[in-house]
Amino acid sequence: MIREGLKLTGTKFGCGTGLCGACMVHIDGKRAFSCQTQVSEIAGKSVTTIEGLSADSSHPLQKAWLAEQVPQCGYCQSGQIMSAADLLQQNPKPTRAQIVAHMSANLCRCGTYQRIVRAVERAAREA
Amino acid sequence: MTTNIATTSLNNTSISRRQVMIGAAGLSFAFVLSGPLARAATFASERTGKALSPWVSIAPDGTITIMSAATEMGQGSMTSLPLIVAEELDADWSKVRVVAAPPIDAIYGNPGFGGMMYTAGSNAVRSYYQPLRTFGAQVRRVLLDNAANKLGVPVDELTTEPSVVVHAKSGRRLSYGEIAAFAQVPDRPPEIKPEQLKKPSQFRLIGKDVMRVDLPGKVNGTAPYAIDVQVPGMLYGACSARRSRAPRPTRSTNPRPEP
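Order-wise, the sequence lines are chains S and B.
Under my numbering, the first residue of the first sequence is numbered 1, with each subsequent residue one higher.
Under my numbering, the first residue of the second sequence is numbered 1001, with each subsequent residue one higher.
Wrong hints could be hidden among the right ones.
[Unchecked claim] Covered stretches of chain S, going by a simulated chain B footprint (3 or more residues, C-beta under 8 Å): (1) 49 to 55; (2) 62 to 74; (3) 77 to 90.
[As the list claims (entries may be wrong)] Computed spacing ranges between beta-carbons, pair by pair: (4) B/A1241 with S/Q69: 38 to 44 Å; (5) B/P1060 with S/M1: 53 to 59 Å; (6) S/L19 with B/A1226: 55 to 61 Å; (7) S/Q98 with B/P1216: 40 to 46 Å.
These aren't lab readings, by the way, just hints derived from the structure by calculation.
Glycine is no exception: its CB is placed at the ideal position from the N, C-alpha and C atoms.
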């Protein structure tokens, strides 16, 4: 629905089984695997995709992601950023262990995990 | 003025509107990296937007468009290859726009893979490095020669700063964009010997920490991936794995192959 119906292709299709996190969006401000979510479940709710995180890439996480040069291929990164945004909303100053635990829902085949953690720490620091 | 390279061999290649627009925008330079075309006419320019696919285009507003010939997979080629051209061209990197090159082996093929546009094996920078530096230096030289004519001074009195030709003696300056508006381009490329390339100590870009050009699109969802391409009437294909040994199709829309 998001990608082909609404043509918002920033949200990626990965595993289709809720394992990889490439499809992560926010539903009423909380992260959710869009591939595991039926349209019928979100009636009356608000869905935010990476395109809606900020109008001009100005979200502290997006700035931190560039500062730390996180992405390689970049395919998982929309989902990574959406997950991280959910974390900082709940917990603006997470510990490293909390970041690692929260972000474990998202896989990155390029292995950018170290930079992801650094970028979340930077965003928490600079936001 | 317009010298068209190897149009006979490129006639079968469809040139996208995007390329034509780039070609029409100002002054364009192309060269052929390898193969039978490389020796004869390796350098060309145009203003008219004819069927020429350029490596470098300089618009009168100073925007420099550089083609990236390798596939960007996160390894940074889309930044590093154009950066090599920009280094020897002495381009202002903030005014450089990088465009993925269209699939034309004759123009953009990797010399390390027999002239194929093939990206693998940490081969792109290694194989394109010398040709792209030489080409960048040739384009810079053409701009210098044109500036020398315009200013009426010997070319060896001119130097460059990023995207500007400087005549220190008189304090006059011509931006690359200004030069692009009047430049004449020789039929044959100026010769650049390896010793005429920059010394590593003179590098402004190579070896420096430069923001990868593909990153901004990867933090806001706009970076285009193959899976994002949607065209009207698009069909989807998938491989069907066999369930048993030596299966035979039960139905096929293709003509039955000869045994």
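Hint-by-hint comparison with the structure:
1. Counting residues of the region 49 to 55 of chain S whose beta-carbon sits less than 8 Å from any beta-carbon of chain B gives 5, enough to reach three: the coverage restraint holds.
2. For the region 62 to 74 of chain S, the assignment as covered by chain B holds, since 9 residues bring a beta-carbon within under 8 Å of that chain's beta-carbons and 3 suffice.
3. Counting residues of the region 77 to 90 of chain S whose beta-carbon sits less than 8 Å from any beta-carbon of chain B gives 3, enough to reach three: the coverage restraint holds.
4. Between B/A1241 and S/Q69 the beta carbons are some 39 Å apart, a value that agrees with the proposed interval 38 to 44 Å.
5. Our hint of 53 to 59 Å for B/P1060 and S/M1 is violated, since their Cβ atoms are close to 45 Å apart.
6. Separation of S/L19 from B/A1226 is about 22 Å and departs from the stated range, judged on CB atoms against 55 to 61 Å.
7. Checked against the hint of 40 to 46 Å, the C-beta distance between S/Q98 and B/P1216 comes to roughly 28 Å, which is inconsistent with it.
Consistency note: the structure conflicts with the earlier hints numbered 5, 6, 7.
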